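Colleague: One letter stands for each residue in the lines below.
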Amino acid sequence: MKGLLIKDIRLMRSQGALLLAMLILAALFLGVVSSDVEPFFVVAYITIFLSIFVASTISYDEYDNGYLFLMTLPVTRKKYVNEKYIFGILISIFAWCVGMAIGTALMIAQGAETGAGEWIGGNLMYICIAWVFMSIMMPLRLRFDSEKARYANIIMFALIAAVAYGVSKISQYVPENILRNVSAFFNTLGNNGILALCAGIAVVALLISYICSRHIMEKKEF
Amino acid sequence: MMLEINGLVKKYKDFTLNCSMKVERGCITGLVGENGAGKSTAFKAVLGLISYDSGDITLMGKLPSELREAEKEKIGVTLAESGFSGYLKVKDIVPVMAAMYPGFDRERFLNLCRKFSIPQDKYIKEFSTGMKAKLKVLAAVTHNADFLLLDEPTTGMDVTARESILDLFREYMEEDEGRSILISSHISSDLEGLCDDIYIIHEGKIILHEDMDNLLNEYGLIKADDEQYARLDKEHILSVRRTPFGYECLTDQKGYYRENYPDIVVENGSLDEAITMMTGGERL
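Those protein sequences? They're chains A and B, same order as listed. With our numbering as the guide, the letters of the first sequence map in order to residues 11 to 232. With our numbering as the guide, the letters of the second sequence map in order to residues 320 to 603.
Don't read these hints as lab results, they were simulated from the structure. For clarity, every value in this text was computed on a predicted model and none was experimentally measured. Idealized CB from N, CA, C, for every residue including glycine. One should not assume that every hint holds.
[To be verified] Taking lysine-lysine pairs in the DSS-like style, the calculated list, with each CA pair at most 27 angstroms apart, reads:
hint: 1; chain 1: B; residue 1: Lys408; chain 2: B; residue 2: Lys381
hint: 2; chain 1: B; residue 1: Lys542; chain 2: A; residue 2: Lys230
hint: 3; chain 1: B; residue 1: Lys524; chain 2: A; residue 2: Lys12
hint: 4; chain 1: A; residue 1: Lys229; chain 2: B; residue 2: Lys330
hint: 5; chain 1: A; residue 1: Lys89; chain 2: A; residue 2: Lys179
hint: 6; chain 1: B; residue 1: Lys341; chain 2: B; residue 2: Lys330
hint: 7; chain 1: B; residue 1: Lys410; chain 2: B; residue 2: Lys444
hint: 8; chain 1: A; residue 1: Lys230; chain 2: B; residue 2: Lys524
hint: 9; chain 1: A; residue 1: Lys158; chain 2: B; residue 2: Lys381
hint: 10; chain 1: B; residue 1: Lys573; chain 2: A; residue 2: Lys89
hint: 11; chain 1: B; residue 1: Lys393; chain 2: A; residue 2: Lys229
hint: 12; chain 1: A; residue 1: Lys229; chain 2: B; residue 2: Lys408
hint: 13; chain 1: A; residue 1: Lys88; chain 2: B; residue 2: Lys542
hint: 14; chain 1: B; residue 1: Lys332; chain 2: B; residue 2: Lys393
hint: 15; chain 1: A; residue 1: Lys230; chain 2: B; residue 2: Lys330
hint: 16; chain 1: B; residue 1: Lys393; chain 2: B; residue 2: Lys408
hint: 17; chain 1: A; residue 1: Lys158; chain 2: A; residue 2: Lys230
hint: 18; chain 1: B; residue 1: Lys381; chain 2: B; residue 2: Lys410
hint: 19; chain 1: A; residue 1: Lys230; chain 2: B; residue 2: Lys381
hint: 20; chain 1: A; residue 1: Lys12; chain 2: A; residue 2: Lys230
[To be verified] One-sided and incomplete, this derived list gives chain A residues near chain B with beta-carbon spacing under 10 angstroms:
hint: 21; residue: Ser24
hint: 22; residue: Ala27
hint: 23; residue: Tyr70
hint: 24; residue: Asp71
hint: 25; residue: Thr82
hint: 26; residue: Lys230
If we strip away everything but chain A, and leave its shape as in the complex, we get (with noise of 0.2 angstroms):
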């Protein structure tokens, strides 16, 4: 585990580090060109789009085919499953930090008034939903070689504007005692209740994703 997880560093490193000097520079520029741009955003920007980054390591682990020779390596299926998982998490958590520092500096040089509570915890909601984006993507790139994966994901992000889509429309269907109901309960749960809703949302996803991931990997044929 511990070779895959040095091995993905290094690929991060090389291949990574101009992605993230991207994402930096354009958060940079986004906040300082357009003052109204909200720190927020920029966190958001940089913790999503690095974590999405992890399962494109994969296309790296398959490029030439090198699939083959990396689990003739001591390294079993389970393992590796692990370490993306491991991997990805470690790198949505570094992403954040980055982006809360550069977040952080232009809300200073802003002026603005968010609070420590409302900023850390708002920002702690990104983690949760890149999570989801990476439980979403993982086993899809595991699943399919990187030219179906890319249509996989097309249409798996399709689907998710869809029923989000749908769910906003329906809401004008339902009737307005219900409606009242569920935003008085989401009121009742307060920032951190609903920071801890989607931290549990984000953990859950990322469990059946894993479970997912260690099927498709168990049956995979080199």
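Use these hints to put chain B onto chain A, whose structure you have.
Modeller: Just chain B now, kept in the frame of chain A:
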């Protein structure tokens, strides 16, 4: 026994592998056959990378599905069309190997890289075919493995590099007499000077298994015209091929024919001839 394959069957839509073979401890066993004969499929099945329909495989006493890190640490593998990710450099591979293999000899690996002119600070995807092949072999022989599975390890190498790599295999075997190698190659001369025994695979089936010494010393190619062929004792003929001048016959007892048919040309056998005759001729 290092590796034993009994009645392995792997069916694809247009190809079926059906083979049995074994690799003894302390031996170098060769596997030859044309492209698509089933060599790589056999390697993949042994390493647990593909499922198979029937048969038994035991690698160092374990089934392929039972291979865990501890067993894999004792195996060195090179595959014909696969290697380290092209997005890594040699200097990235060193810590990966050190973390994966407790027996990895970093100094030896780096020295060999220098000896074989493998750059450390260049992406592997920019390497030539020969350089990639050399790197794979160096990684396989420097982590104290008990068994090497080498699928076309010398592909793309020039003659000098090939000879040096074959010497590495010989050194590897001399270091510990319990070690074994299973090697496939389409370059017969590589195998002739290296292997203790050889398997010829054709269309998914093993069609010949022979000790290398026996093959080189006892096998012969009989060149006979129609009349000579007609009176030839076919008892020790393995395969026959029609030529414009008569017949060519592969025998595993050239001495017998030289003694009893002094007027017939019997040339010394070679692995190339054995392959050509066994795969292209009519087997008797």
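Colleague: Work down the list of hints and note, for each, if the structure agrees.
Modeller: Against the structure, the hints:
A threshold of 27 angstroms between alpha carbons decides the hint, and for Lys408/B with Lys381/B the separation of about 33 angstroms lies outside it, so the pair is violated. A hinted pair counts as satisfied when its Cα atoms are at most 27 angstroms apart, and Lys542/B with Lys230/A does not qualify at roughly 51 angstroms. Note on Lys524/B and Lys12/A: the hinted pairing is violated, with a Cα-Cα distance of about 40 angstroms set against a maximum of 27 angstroms. For a cut-off of 27 angstroms, the pair hint linking Lys229/A to Lys330/B stands: about 17 angstroms separates their Cα positions.
Distance restraint check for Lys89/A and Lys179/A: the Cα-Cα separation of roughly 43 angstroms exceeds the 27 angstroms cut-off, and the hinted pair is therefore not satisfied. With a C-alpha separation of about 21 angstroms, the suggested pairing of Lys341/B with Lys330/B holds against the 27 angstroms cut-off. Between the alpha carbons of Lys410/B and Lys444/B the distance comes to roughly 14 angstroms, so the proposed pair stays at or under 27 angstroms and holds. A C-alpha spacing of about 25 angstroms is found between Lys230/A and Lys524/B, which places the hinted pair at or below 27 angstroms, so the restraint holds.
This hinted pair does not check out: Lys158/A and Lys381/B have alpha carbons roughly 35 angstroms apart, beyond 27 angstroms. This hinted pair does not check out: Lys573/B and Lys89/A have alpha carbons roughly 55 angstroms apart, beyond 27 angstroms. For the proposed pair Lys393/B and Lys229/A, the alpha carbon gap of about 25 angstroms is at most 27 angstroms, so the pair holds. Between Lys229/A and Lys408/B, the direct Cα distance comes to roughly 31 angstroms. Violation of the 27 angstroms bound is thereby established for this hinted pair.
Taking the CA atoms of Lys88/A and Lys542/B, the gap is about 58 angstroms. The hint is violated against a cut of 27 angstroms. Of the pairs offered as hints, the one joining Lys332/B and Lys393/B is violated, with about 34 angstroms between alpha carbons and a cut-off of 27 angstroms exceeded. For the hint pairing Lys230/A with Lys330/B, the CA-to-CA distance comes to about 16 angstroms; that is within 27 angstroms, so the pair holds. Distance check on the hinted pair: Lys393/B and Lys408/B sit about 24 angstroms apart at the alpha-carbon level, within 27 angstroms; holds.
A C-alpha spacing of about 16 angstroms is found between Lys158/A and Lys230/A, which places the hinted pair at or below 27 angstroms, so the restraint holds. Of the supplied pair hints, the one linking Lys381/B and Lys410/B is violated, its CA atoms being roughly 33 angstroms apart against a limit of 27 angstroms. A C-alpha spacing of about 20 angstroms is found between Lys230/A and Lys381/B, which places the hinted pair at or below 27 angstroms, so the restraint holds. For the hint pairing Lys12/A with Lys230/A, the CA-to-CA distance comes to about 23 angstroms; that is within 27 angstroms, so the pair holds.
About 7 angstroms separates the beta-carbon of Ser24/A from the nearest beta-carbon of chain B, less than 10 angstroms, and the hint is met. The beta carbon of Ala27/A is not positioned within 10 angstroms of any beta carbon in chain B (closest approach about 12 angstroms), and the interface hint is therefore violated. A distance limit of 10 angstroms between C-beta atoms decides the matter here; for Tyr70/A the minimum to chain B is near 5 angstroms, and the interface restraint holds. Using the Cβ-Cβ criterion of 10 angstroms, the hint placing Asp71/A at the interface with chain B is satisfied: the shortest such distance is roughly 6 angstroms.
The interface hint given for Thr82/A holds, since its Cβ lies 4 angstroms from the closest Cβ of chain B, which is under the 10 angstroms cut-off. The interface hint given for Lys230/A holds, since its Cβ lies 9 angstroms from the closest Cβ of chain B, which is under the 10 angstroms cut-off.
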